[in-house]
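Protein chains in written order, with my numbering: chain V, 8 to 267; chain P, 50 to 333; chain F, 301 to 576.
Calculated from the structure, these hints are not laboratory results.
Honestly, I wouldn't trust all of these hints.
What the hints assert, rightly or not - Incomplete in silico selection of chain V near chain P, CB under 7 Å:
(1) E160
(2) L225
(3) A237
Stated by the list, open to error - What follows is a list of derived Cβ distance ranges for each label pair:
(4) F:R333 / P:A277: 23 to 33 Å
(5) V:L79 / F:S446: 29 to 39 Å
(6) P:G307 / F:E311: 51 to 61 Å
(7) P:S273 / V:P234: 32 to 42 Å
(8) P:G182 / V:R240: 16 to 26 Å
We put the CB at the ideal spot given by N, CA and C, even for glycine.
Single-letter residue listing:
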Amino acid sequence: MRATVAQYYPGISLVHRFDPRCKVVAVAVLVVALFVRDGFAALAVFAAVGVAGLALSRVPLAWVWRALRPVLWLMALTFVLQALFGPGDEFWSVGPLHVSRRGLEQAAFLSVRLIVIVVIGSLLTFTTSPIALTDALAWLGRPLRRLRVPTEELALMATIALRFIPTLFEETDTIMRAQRARGADFSRGGPVRRARALLPVLVPLFVMSFRRADDLALAMEARCYTPGVARTRLHPMQARPRDALLLLLVAATIVAAMLV
Amino acid sequence: MGVAIPLIRLRGLRYRYGGAGADALDGLDLDVEAGEFLVVVGRNGSGKSTLARLLGGLDRPTAAGEAIVAGHDITTPDGRLAARRDVGVLFQNPENQLVGATVEEDVAFGLENLALPQREIRDRVDGMLTAFGLDDLRTRQPHLLSGGQKQRTALAGVLAIPRLALVLDEPTAMLDPAGRRDVLAAVSGQWRDGLTIVYVTQEMDEVALGTRVLAVDAGRAIFSGTPAELFGDTAAVERLGLGLPPAAEVAVALAELGRPLRNVPLSAAELVGELSDAQAGDAR
Amino acid sequence: MTSGGLEVVCERVSFAYEEGRQPVPALADVDFRVGAGERVALLGPTGSGKSTLLQVVRGLLRPDGGSVRLGDLAPDDTGYGELQRQIGLVFQQPELQLFAATARDDVAYGPRQLGWSEEDVETATAEALATVGLDPAEHGPRHPYSLSGGEQRRLALAGVLAMRPRVLLLDEPFVSLDPPARRDLSQVLHSLMARGMGLVLATHDVDRAWALCDRRVVLAAGRVVAAGTWDLGSGGERVLGEYGLEVPFLVDLWSRLGRPLATTPRSAREAAEMLA
């Protein structure tokens, strides 16, 4: 579970090969449209697109399930809250709790919409590597440079941070085991006690991270990295005709959702 | 035939960490000729790591009479930037040098920083991956590599930028014997292709790799000569906080027992040779 | 606090790490034994499973197959956990785990976690510091990071010794140390040996293993490929070469000199005496 970040599932499907910038825009636009357009019919259109996308991406169902599972809790909570506190005439009640037909409908709609949003968003994270995603966001965020926001540097920082996440997990594991070998117990006591028990893990982690930052900065400078200087890329992003197709599809989806 | 200008020329090099405290480098003098394989030894705190960093143009000397590295004056900011381009530096911790999400991304990093055209980056990266046996690991994520593979990737990344010299700061300290052999083979290969090497190490059996060894102590160059000359002076070895290759340890022990060998052996083979010479000498 | 050695017997131990989509096997059917007070070297390249085996022995990882007997006890017996706590395990680069404000407090952490009285903690800490060659009065109050690299490593070792282990597991204790620091650490280990402390030395530094241990177990890709006393017959430890390790220098030397390997010396000094 830990080795992959943001649930990226490497592959060569059509969805994988769309330009990441277009994918980000597509997903953003679809999600906004989902919020704007009410109604089960429209929801069905978006859901169909989501499912079709998943099928095209060839990401295994087990993978999809693992990503969706945590959201199901949220969905259940949304459903219950909406059902209990939604507006409308009650037709069933238990004690102080009332449920109305309209409330149920709303609950169903909101829950399903949540799932569809997660599915469409996951299409992005399943098929786009974290570096590609960072590059796309950096490119899209270029206008921010006028406001002195260092988008390129931030993107590089994000990429490097992502690269070290598995390493950090391993190191945390190791330190925890080493301190357990000295009698540390991370599972007992209330929140305060547990927090204090984590000190022998957190201090070394922080120290290692600072040392690492120093070492990395030196290694990067040794390879002629200079902040602020424009860099070229080994794998530059290249928009292709198929990306225009993607954007057309998105437009078509929205039109269809508006019409049903 | 004219006199060759040394690739590296340092006179009175000083470096002090910010604030008070002893100088990490206290008037170090050094000449390194192009094509040399210089091994640098010294105890922890002797200044050898500082020297490595300064040679790579990665830090500003506090003072120097002269500090020319690959034709650049590293006391000036422009000189240091230029030195960073011509002198590569490989560090001890393989993990803390890799920034790319995959092996090929990391090897490309330096070339991307120089804003080279994509085609050229592609070609150089492919060449480096092949040269260092990393073709099969092209898309591997760094945390899945062994120590030796990480260090080879880092080396490929450093040398992706064409260099005049390569400085290595204890590059094998964290590796197992196989990893160490791989890195040493790669470095030796580069040296044979004409790259000047400055190799800082605490592993005494790596000293024999070099054409010359420099011993550093308290920020100064104390000794320069052949490994045999260095290890033959047991008092100096002790004083400088160095160790001995195992063969030399046996030779030193023999000398203490009153049975010195003619030359200081650096390997088992040399020791065997010296022992049979000594026996032949006794027989006469 | 019982004294005396502790026997550890691993029988057909298997272990795999849960990682990403598939479990990553680390140990397969490993048989491993260290008798009370014995010194055994665990040799193998990185990735061969040495660290994993040490952690399984100590009980930080639960084996998927096989079992670890400690003394007379099996894993389900009462008192087994107590015996596990009497095994000292020093991780790789243990100075990375120093976290307290003073050297003394870091060493005292282990004994305190064991619930000892402040008096016992005090004594154990001072003893441990002295054992590793640090002066409780001089080094105790200092911040761990103000010590040299070699001193920090010995400090981390003191942190484990303060818990008065009956057997000591060391994971690559000599990595990244300069020669003087290696000598200092070697001396500490020799003094522990002299006191009868059982030792498992996981390392790829075969020369140190040769100097300190009578027996060795060679691991490769999670399996035991050789076990027992050093192979001083005609094999001459060639098996090590097959797995990317080096033959101990003195064994190689004796072999080149054509002398019977059974007489191979354990130190340079001994070698010189035999050659003089």
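Hints and how they fare:
no.	hint	in the structure
1	E160	violated (12 Å)
2	L225	holds (6 Å)
3	A237	holds (6 Å)
4	F:R333 / P:A277: 23 to 33 Å	violated (44 Å)
5	V:L79 / F:S446: 29 to 39 Å	violated (52 Å)
6	P:G307 / F:E311: 51 to 61 Å	holds (52 Å)
7	P:S273 / V:P234: 32 to 42 Å	holds (39 Å)
8	P:G182 / V:R240: 16 to 26 Å	holds (25 Å)
Comparing the model with each earlier hint shows violations of hints 1, 4, 5; every other hint is respected.
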